[in-house]
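*Asks:* Listed below, chain by chain, are the residues.
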Amino acid sequence: MLTPYEKILFAILAAVSLYLASVTFRRMIRTIKRGRGRLAWDGLPGRLLTGIKALAGQNNMIRNRPLVSLAHTGIAWGFILYMAVNLVDVLEGMVTGFVFLEHAAAGQAYRLLVDLMTLAALAGMAALLIRRFIVKSTDLAVAPNVKLHPRAADGIRRDSLIVGCFILGHVGFRLLGASFDIAIHGPDPWQPVAALAAGLWTGLAPSFLDFGLHASWWIAIGLVLAFLPWFPFSKHAHLFMGPFNLMTAPERTSPGTLDVLDFEDESIEQFGAGRITDLDRTHITDAFACIMCNRCQDACPAYATGKELSPAALEVNKRYHLRNHMKSLATGGEDTEPMLGYAMSESALWACTACGACTEACPVGNEPMFDILAMRRNQVLMESAFPNELKGAFTGIERNGNPWQMAGDRMEWTESLDFKVSTVAEHPDYDVLFWVGCAGAFDPGARDTARSIATVLHRAGVDFAVLGNDESCTGDLARRAGNEYLFSISAEGNIETLNAAGAGRKKIVTGCPHCLHTLGNEYGALGGRYEVMHHTQLIGELAKAGRLALPGRDGTRTTYHDPCYLGRHGGVYEAPRQALAATRPSLVEMARNRNRSFCCGAGGAQVWKEEEEGREAVSDHRFLEAWETGADTLAVGCPFCARMMNDANKRAGEPMRVRDIAEIVAESIQDEQQRERERERHDDR
Amino acid sequence: MNIIALVKQTPDTAQLSAAMDGLMLSADGGPRIVNPWDEYTLETALQAREEHGGKVTALCLGPPEAADALKTALAMGVDEAVLVSDPAMADSDSLASARILVAAIRKIGDFDLIVGGRAAIDGNTAATAVQVAALLGIPLVSYVAKLRNLDPSDRTVTAVRLLEKARETVTSRLPALITVVKEINEPRYPSLIGIRKAARADIPVWGCEDLGLDPSGVGAGASGVVWRTELPPVREAHIEMIDGGPEDAARTLVDRLMEEKVI
Ligand code: SF4
Ligand code: SF4
Numbered sequence: 060m061l062t063p064y065e066k067i068l069f070a071i072l073a074a075v076s077l078y079l080a081s082v083t084f085r086r087m088i089r090t091i092k093r094g095r096g097r098l099a100w101d102g103l104p105g106r107l108l109t110g111i112k113a114l115a116g117q118n119n120m121i122r123n124r125p126l127v128s129l130a131h132t133g134i135a136w137g138f139i140l141y142m143a144v145n146l147v148d149v150l151e152g153m154v155t156g157f158v159f160l161e162h163a164a165a166g167q168a169y170r171l172l173v174d175l176m177t178l179a180a181l182a183g184m185a186a187l188l189i190r191r192f193i194v195k196s197t198d199l200a201v202a203p204n205v206k207l208h209p210r211a212a213d214g215i216r217r218d219s220l221i222v223g224c225f226i227l228g229h230v231g232f233r234l235l236g237a238s239f240d241i242a243i244h245g246p247d248p249w250q251p252v253a254a255l256a257a258g259l260w261t262g263l264a265p266s267f268l269d270f271g272l273h274a275s276w277w278i279a280i281g282l283v284l285a286f287l288p289w290f291p292f293s294k295h296a297h298l299f300m301g302p303f304n305l306m307t308a309p310e311r312t313s314p315g316t317l318d319v320l321d322f323e324d325e326s327i328e329q330f331g332a333g334r335i336t337d338l339d340r341t342h343i344t345d346a347f348a349c350i351m352c353n354r355c356q357d358a359c360p361a362y363a364t365g366k367e368l369s370p371a372a373l374e375v376n377k378r379y380h381l382r383n384h385m386k387s388l389a390t391g392g393e394d395t396e397p398m399l400g401y402a403m404s405e406s407a408l409w410a411c412t413a414c415g416a417c418t419e420a421c422p423v424g425n426e427p428m429f430d431i432l433a434m435r436r437n438q439v440l441m442e443s444a445f446p447n448e449l450k451g452a453f454t455g456i457e458r459n460g461n462p463w464q465m466a467g468d469r470m471e472w473t474e475s476l477d478f479k480v481s482t483v484a485e486h487p488d489y490d491v492l493f494w495v496g497c498a499g500a501f502d503p504g505a506r507d508t509a510r511s512i513a514t515v516l517h518r519a520g521v522d523f524a525v526l527g528n529d530e531s532c533t534g535d536l537a538r539r540a541g542n543e544y545l546f547s548i549s550a551e552g553n554i555e556t557l558n559a560a561g562a563g564r565k566k567i568v569t570g571c572p573h574c575l576h577t578l579g580n581e582y583g584a585l586g587g588r589y590e591v592m593h594h595t596q597l598i599g600e601l602a603k604a605g606r607l608a609l610p611g612r613d614g615t616r617t618t619y620h621d622p623c624y625l626g627r628h629g630g631v632y633e634a635p636r637q638a639l640a641a642t643r644p645s646l647v648e649m650a651r652n653r654n655r656s657f658c659c660g661a662g663g664a665q666v667w668k669e670e671e672e673g674r675e676a677v678s679d680h681r682f683l684e685a686w687e688t689g690a691d692t693l694a695v696g697c698p699f700c701a702r703m704m705n706d707a708n709k710r711a712g713e714p715m716r717v718r719d720i721a722e723i724v725a726e727s728i729q730d731e732q733q734r735e736r737e738r739e740r741h742d743d744r
Numbered sequence: 174m175n176i177i178a179l180v181k182q183t184p185d186t187a188q189l190s191a192a193m194d195g196l197m198l199s200a201d202g203g204p205r206i207v208n209p210w211d212e213y214t215l216e217t218a219l220q221a222r223e224e225h226g227g228k229v230t231a232l233c234l235g236p237p238e239a240a241d242a243l244k245t246a247l248a249m250g251v252d253e254a255v256l257v258s259d260p261a262m263a264d265s266d267s268l269a270s271a272r273i274l275v276a277a278i279r280k281i282g283d284f285d286l287i288v289g290g291r292a293a294i295d296g297n298t299a300a301t302a303v304q305v306a307a308l309l310g311i312p313l314v315s316y317v318a319k320l321r322n323l324d325p326s327d328r329t330v331t332a333v334r335l336l337e338k339a340r341e342t343v344t345s346r347l348p349a350l351i352t353v354v355k356e357i358n359e360p361r362y363p364s365l366i367g368i369r370k371a372a373r374a375d376i377p378v379w380g381c382e383d384l385g386l387d388p389s390g391v392g393a394g395a396s397g398v399v400w401r402t403e404l405p406p407v408r409e410a411h412i413e414m415i416d417g418g419p420e421d422a423a424r425t426l427v428d429r430l431m432e433e434k435v436i
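Listed in order, the protein sequences are those of chains A and B.
Residue 742 in my numbering sits at position 683 of the first sequence, and the numbers go up by one each step.
Residue 374 in my numbering sits at position 201 of the second sequence, and the numbers go up by one each step.
Think of the hints as simulated: they come from the structure by calculation, not from any bench.
All residues carry an ideal CB built from backbone N, CA and C; glycine is no exception.
Among these hints, one or two may not hold up.
Simulated restraints on C-beta separations [said to hold, decoys possible]:
(1) B:346 x A:395: 38 to 46 Å
(2) B:359 x A:104: 53 to 61 Å
(3) B:436 x A:600: 48 to 56 Å
(4) B:436 x A:606: 48 to 56 Å
To spell it out: a stretch of chain A is covered by chain B in this simulated footprint if at least three of its residues, at any positions, have a beta carbon under 8 Å from a beta carbon of chain B; those stretches are [to be verified]:
(5) 318–331
(6) 434–442
(7) 449–461
Could you put the whole structure together from the sequences, leaning on the hints where they help?
*Replies:* This is the structure we're talking about:
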């Protein structure tokens, strides 16, 4: 189709474009390589499959913002198809007389597919541009109290406009080209959209049509040549960096499992992330993969309650920092700017509840939470600069083995029970080790829960023991607060205790999702491998096996709040509901449930400090959602959720009953016993 | 500016509980911490150094395991640490301890400021630092809640003392000894880099011989005070829960407190 001169020109332009693209792409790769660790490449076929699946299935993006995601799917599929289309078009242009699968049925199908996908891509792109620039969807805005790179606000708009125009131009001119082709060569029933457009040219001179065909080809392909080197600077890079990020994601025992630090190696002088180059490579890749869609921000409890934190802004700020320094970073230049400053404010850093909602929501597999925790590590281990209240909790773990700084007896909670709870020392042949946790041992509310768990286990005839005063804080709060050193000391001590108690050969049941997560998912990397379950899982199993006589309470309406560390981080959603169902309440779900559950506000060491400045307390926000279900009982499965929800309940004038599932089950058992006694009395008479 | 921080290691009284009896707390191998008041001592010294430059030396008198307290001081950031330890020094009373500390301070050499805590939580005499100042013949400013002005060039220090019912602003010449109360600052949490540096540090231990002290002039034999550890008598406690809404509960509580003649 092209004239010889055009062919030469194209060859030159293509070479220049490819060369420039190789320069910028290499720069991006080298920048990623400034990060620590390696990208995961093991089991490549599986990883490739992950990438392809993510591309084709759009990584389940549809579950959040369905309409927008549908528009995006149109663009994405259209664009993926266009990679092949561009090759075909270049071949058709460069090889005189070549027409791809001219008369074959496959060719007809190809043309039909391209024609329709062109329409889908154009419609999708137009819809998204209208949403951003005309409707000005607030989903795409970031609150003014959140730190945003000075270039970002305008930059994102400009970038989006350029990308949008690029896609419209590229796909649109390809369509026009096809329409000129039809006007020249006659109708093609397999390209209905292009045929419709061809109607525009009826009656025009053949020379004009020929000019139109060439011009369209040049604009469609020329845009690609022009855009190629610019990819790494544009958010459009997510097209391949997104799947790449998902493909190279590290294996983790749970979505919230942090990596351990090596404190033995004296040559390591930086712990945690002070600068962006201290991040893992996968987390630098995150910034290149980010689409700036704010899905993580929508899910973030800190952002929703007006704190200075937005996980999306963090990724955007990282991206702009990298973009501005890419040349220097790629060539080994030192980055001197601390992340705490341009990436987020100090208040934002300490507002994160480590709930993992951002990671769960992100369609390209970004993990903003990991950056935040890495930055906290830097603040605690290197700078010793963190909210003062946390010091008390740290000192408590160090000296008293619990963050409350309580010097009490870890068996005191058992005193009011009408049966004896044995320690491992007294009863080494136990079947199940009940890990009570600091809350269960010291917090008045959680002690009730611990007693309920013990009562349920006792009634069901489970042979269990506790560690008593040998138990010590798992270190979860220290870890989420950035004090990895204290976590490692706590973990080592507990692993020793657990191994001495033979817990590796038994089952461990915890009364707290945070203990569950640390013992079950995080101690493994330090050599402590245990089979750990949450008390609601065990209770569910017991109920199913008919080992609990549960009459249930008719007429109660209950809603269940999924704890972050049981749900998103532990993947346990149904067991607590089953345990609860055994007491036969009518269960109503909150709008945000299971993997979309909204944090109670306690996690990430928040409960040990004052909540950061914001519009409202995270706990009040969540409590309102529970209240709005119309339920009378709010069932929880975590001592910290219980505390947050109880406090919020009190502030709201106690419209609900907040109870741990174990308490609800234990109450139910007591009811049954009561009835039994009454029946006996009745029979005696 | 050369600053000496007096640091003592004490039993961790916060660990006293039903699970740990009082004798175990003070026995060998019981839990030990930096005297909580001395955390403020160290913070004061470190802040002064950060402002005026110079060097902070932490000085501790105690058994060999008291070196741990100095490790904490090093982890927090002091430049040097010296442990004064000798079996002959065991059971020294505050005056004998002060004599030993003064000998050590003289051996350390030049100083502009000595900082101590208001008291140690074990003996609770609040006397040692006073006696050190007296023996050195330098001014003492006790119960300092705020360092208003520390001026090494003018060689003065202006401090706000926290008294029972008042605050008193005092200016003294340097060198001087100040003792601090917890209102003065918020002690820092050691960074990991600090902890690592402390773990590697070699802490010199000075005995009677190093200090040119006659063993018979220190320790129990040279002390007027005899130490004996005894548990306090067990107190009968009675817990009463008051039910009702906040207002009713408060009213009942007030009535009960008046009944018991607490208020
Ligand atoms: S972990 Fe939770 S609180 Fe932290 S940034 Fe992510 S969504 Fe927000
Ligand atoms: S991190 Fe993920 S969810 Fe958040 S804005 Fe970027 S792409 Fe969207």
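*Asks:* Against each hint, give a clear statement of whether it holds in the structure.
*Replies:* These are the hints, each one checked on the structure:
Taken as a hint, the range 38 to 46 Å holds for the pair residue 346 of chain B and residue 395 of chain A, whose Cβ atoms sit roughly 44 Å apart. The hinted window of 53 to 61 Å between residue 359 of chain B and residue 104 of chain A holds, with their beta carbons roughly 56 Å apart. Between residue 436 of chain B and residue 600 of chain A, the C-beta spacing of about 54 Å keeps the proposed range 48 to 56 Å intact. The hinted range of 48 to 56 Å is satisfied by residue 436 of chain B and residue 606 of chain A, whose Cβ atoms lie roughly 54 Å apart.
Look at the stretch 318–331 of chain A against chain B: 4 of its residues bring a Cβ nearer than 8 Å to a Cβ of that chain, three or more, so the hint holds. For the stretch 434–442 of chain A, the stated coverage by chain B is satisfied: 4 residues place a CB nearer than 8 Å to a CB of that chain, which reaches the threshold of 3. For the stretch 449–461 of chain A, the stated coverage by chain B is satisfied: 4 residues place a CB nearer than 8 Å to a CB of that chain, which reaches the threshold of 3.
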